[in-house]
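Place chain B on chain A using the hints.
Given next are the chains, with one letter for each unit.
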Amino acid sequence: MSGNPNEDNPNEGNFERLNVERRLTAYFDNELEPAERADIETMLAENSDLGELLDQWQKTGDSLRQLPEYGLGADFTAGVQAKIDAMGTAKPQRPTVVASNWDSQKIGISGIVALAALLLLTLFVFPSLVGDGPVQQAGVVVNEQPAVPSTARPKEKAKPILAPRNSSLPRTTNRIPGATSSRAKPRGIEQVLLIQNATLSDLEAILNRHEIRIVDSKGKAPDGAHFIPQAKQGMEAIHIVSHQGNMQSAINEIADHESIIVTAFSIPGQLESREIGNSRSVEKEDASALQLQPVALGSAVAISREIEELDRWFKVGDEEGDREPMECLLLLQSASQR
Amino acid sequence: MNNPRAKHEDREWICRTIDGDTESFGFLVKKYQDRLYNGMVQILRNESEAEDVVQDAFVLAFSKLDSFQGKSAFFTWLYRIAYNVAITRLRRRKRGISLDGDDARIRLAIPDNGPLPNDSIEKQEEAVQLYEALDRLSSEHRSILVLREMEELDYDAIAEILELPVGTVRSRLHRARIRLRELLEKAID
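Protein sequence lines correspond, in order, to chains A and B. The opening position of the first sequence corresponds to residue 1 in this note's numbering, with each subsequent residue numbered one higher. The opening position of the second sequence corresponds to residue 339 in this note's numbering, with each subsequent residue numbered one higher.
Okay, chain A solo, but in the shape it has when bound (with noise of 0.2 Å):
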């Protein structure tokens, strides 16, 4: 977009054109409050550009809404019918199944293999159906609630933070499946996502928005060790902490620049303790944690999916309002250190 007012600066003008993008979008589709509204009409009144920009994705959307619609048939209603039929029968707990005359169709041997695949598809792609809570399908969650912003999540008393241990590995204390805390602990960090053609300033900017606490930003433990090889290549190597949903959220927002490519790395020692079933076996995975392995993660909503999986699987067994603080290290790679 033209008339940055902020190019001498390029940080601040980042972020500057990024809340005007982000009004101007909010405006067009009437989502504006009337005061913000007259400040994008006097942006509008100034900058003939906007107008035109303005007017280009209205025939857009005209022409999107336009488009032909696709169709199901009335035999897609009876499959799914069917399928519910057959549910009927696998689920006891739900209250009487009456017999439906939707399309008159006898289940016969097609309900037999519609109760088969149902049972498959529960047992492996939708294992929470057999569970209580949100379903959840592939790391995936479907609560009813949206992933709230950190603004309308209960807030929890910050815990204080310890530095990670000098050797950086991450912590194993608590960490099975179904070990309970008594009180909410820092974890170590869980997660590397390096983030490159970021400034460390919009970084700030982000994580502060989504109160994440920034506890080191040099890329050193206590001993003056480097958190990982990479941090020494002229790196900054951001520890930060935050509460369940915060880091997700703001993960989401950096990946969401287009420019800003993140990746994110697993830790092998956290990783694969998730099929060991004692913290011993924990620890002696801690030797090989300093190789970060990378994961193909290509979007925000497969990086946010990732940590919340990760998150949710050191979460087994805690209980509500018991939540531990959630740390990660964020390695900034600028586009002139590439």
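For the record, the hints were derived by calculation from the structure and aren't laboratory data. Every residue gets a Cβ at the ideal spot worked out from N, C-alpha and C, and that includes glycine. Among these hints, one or two may not hold up.
Unchecked claim - Below, simulated BS3-like cross-link-like pairs (lysine-lysine); rule was C-alpha separation at most 27 Å, straight line:
1. B:Lys409 to B:Lys368
2. B:Lys524 to A:Lys59
3. A:Lys59 to B:Lys461
4. B:Lys369 to B:Lys345
5. B:Lys345 to B:Lys402
6. B:Lys409 to B:Lys345
Stated by the list, open to error - Covered stretches of chain A, as calculated for chain B (at least 3 residues, CB under 8 Å):
7. 21 to 33
8. 50 to 63
9. 72 to 79
What the hints assert, rightly or not - Some chain A residues flagged as far from chain B (calculated, every beta-carbon gap over 10 Å):
10. Ile40
11. Leu44
12. Thr199
Quick look at chain B alone, frame taken from chain A:
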């Protein structure tokens, strides 16, 4: 979507279903299947995958119907379930595990009720260009455009379906529109 009458009607069918009358769920399926399917086709760019996703979504919704509290519209809740199933498929596809053995997007064609022979050539070309541009968009950008421009959902509903903060919905929509425009301009050139 925000029509109170429609919401009340949905609520009625939901209650009856929970009480054991599955026929009432059939009304919900009939009411929303085409709308949901159209959205999933646009997101997945594949008709047969979209049909599977919509079917799975309805079955999942049925199984969890008693947990639906009516805080959001039923369609938003249903769409969120379908979107999550679709995203799982897209992730598999990204990892190279094609469900049909090849690039599933290639076969998406304009539906039968598409531009008719007597429509202007210009209009037909425009539709083809739009389809091609939608194909080239990232799934994140395509999804948010489908939700806003085709489904005409408000930001809160989009945020709920995509599980994003509203601020991110704004910025992602902005970039999606810019990107779509770029692709269309490139196609015209």
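Within 8 Å of chain B (C-beta), three or more residues of the stretch 72 to 79 of chain A: holds (count 4)
Between Lys409 (chain B) and Lys368 (chain B), is the straight-line Cα distance small enough, at 27 Å or below? holds (22 Å)
Decide if the proposed pair is consistent with the structure: Lys524 (chain B) and Lys59 (chain A), CA atoms, cutoff 27 Å inclusive. Distance ~16 Å between Lys524 (chain B) and Lys59 (chain A) Cα, so the pair holds.
Does Lys461 (chain B) lie within 27 Å of Lys59 (chain A) when you go C-alpha to C-alpha? It holds: about 13 Å lies between the C-alpha atoms, which stays within 27 Å.
Would the pair Lys409 (chain B) and Lys345 (chain B) pass a check requiring their Cα atoms to be no farther apart than 27 Å? Judged against 27 Å, a Cα distance of about 11 Å means the pair holds.
Per-stretch coverage check for the stretch 21 to 33 of chain A, three Cβ contacts closer than 8 Å to chain B: Since three or more residues must qualify, the claim that chain B covers the stretch 21 to 33 of chain A holds, with 8 doing so at under 8 Å.
Interface exclusion of Leu44 (chain A) relative to chain B, criterion Cβ beyond 10 Å: Fine: 15 Å to the nearest Cβ keeps Leu44 (chain A) off the interface.
Is the hinted pair Lys369 (chain B) and Lys345 (chain B) satisfied, with a Cα-Cα distance of at most 27 Å? holds (12 Å)
Say whether it holds or is violated: Ile40 (chain A) keeps its Cβ farther than 10 Å from all Cβ of chain B. holds (12 Å)
Examine each Cβ of chain B, and state whether all of them lie more than 10 Å from the Cβ of Thr199 (chain A). Fine: 17 Å to the nearest Cβ keeps Thr199 (chain A) off the interface.
Taking beta carbons only, do three or more residues of the stretch 50 to 63 of chain A come closer than 8 Å to chain B? As far as the stretch 50 to 63 of chain A goes, the hint holds, because 5 residues have Cβ atoms under 8 Å from chain B.
Pair hint outcome, Lys345 (chain B) versus Lys402 (chain B) [Cα-Cα no greater than 27 Å]: holds (18 Å)
No hint from the list above goes unmet by this structure.
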